[in-house]
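S.K.: Sequence:
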Amino acid sequence: MLGRDLTALGTERKVVALTFDAGSGNEAVASILRTLAAEGVPGSFFLTGQFVDDFPASARAIAGRYPVGNHTYTHPDLTTLTSSSVRAEIRKAAARITAVTGQDPRPWFRFPFGAVDARTISVVNAECYVPFRWTVDTLGWKGTSGGQSVASVVSRVVSAARPGEIVLMHVGAHPTDHSTLDADALPRMIRELRARGYSFVTLSAVIGPAP
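Count along the sequence shown starting at 1, add 352, and that's the number in this note's numbering.
Worth flagging that the hints you see were computed from the coordinates, not collected in a lab.
Keep in mind that the hints are not guaranteed to be accurate.
As the list claims (entries may be wrong) - Here are the in silico distance ranges between beta carbons for each label pair:
no., residue 1, residue 2, range
1, R412, P527, 21 to 31 Å
2, D406, E364, 23 to 33 Å
3, D456, R543, 26 to 36 Å
4, F465, A413, 20 to 30 Å
5, A512, S435, 25 to 35 Å
6, P515, R356, 17 to 27 Å
We treat Cβ as the ideally placed atom computed from N, Cα and C, and that holds for glycine.
Produce the entire structure from the sequences given, and follow the hints as far as they go.
M.R.: Written out as structure tokens, the structure reads:
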């Protein structure tokens with residue numbers, strides 16, 4: 353998997369990985385965790401170091417139940433940084449995630465903004481991470497003010513359903529309209545995917561458990 357930014361799990365099984373990025377607010381964390389627990393569905397979470405520092409209780413609640421990955425410390429576009437600065441972002445985030453949650457984020461990594469090139473993938477790989485992109489972005493982060501809705505979030509995920517689908521969602525609220533569309537859509541999303549024969553896995557389905 354060296355040199356790759358994975359967009360799917362690489363399986364023919366009808367499984368879906370629900371992934372959640374935590375880079376700013378924590379407004380939807382409690383709702384997402386309640387839904388996952390109630391439905392018996394796993395999730396995979398990518399935390400920035402700043403999120404962990406700003407919301408340590410939320411970070412611990414997430415890591416106490418589900419695998420957490422590295423989303424850098426400050427969420428910059430890594431392609432604009434020197435390789436040494438990329439390493440610093442990764443290592444600082446890892447140190448804070450481990451210190452606060454007790455969980456080592458390796459080998460899970462997600463590039464901020466999905467901004468990536470061969471050089472930055474190489475740096476990430478050298479730090480013992482595998483980068484995961486996504487099969488479908490719900491666009492829930494655009495909020496109701498950006499023309500999105502619970503129905504549109506569910507429709508994007510279900511229409512893109514395929515074996516090994518990786519779904520990108522977020523745990524924060526929209527900064528101006530304060531909507532939490534991913535969290536609000538999650539119960540219906542799970543029901544509709546199950547109705548189509550899908551079950552749910554963490555990202556370990558592609559590369560095994562974290563070392």
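S.K.: Does 20 to 30 Å hold as the CB distance between F465 and A413, or does it fail?
M.R.: 26 Å, holds
S.K.: Should the hint that D456 and R543 are 26 to 36 Å apart at their CB atoms be regarded as holding?
M.R.: 34 Å, holds
S.K.: Using the C-beta atoms of A512 and S435, is the stated range 25 to 35 Å upheld?
M.R.: 34 Å, holds
S.K.: Look at the Cβ atoms of D406 and E364 and judge whether their distance stays inside 23 to 33 Å.
M.R.: At 40 Å between Cβs, range violated.
S.K.: Honestly, do R412 and P527 meet the 21 to 31 Å range at C-beta?
M.R.: 24 Å, holds
S.K.: Lying within 17 to 27 Å: is that true of the beta-carbon distance P515 to R356?
M.R.: Holds, at about 18 Å.
In this structure, the one hint that does not hold is number 2.
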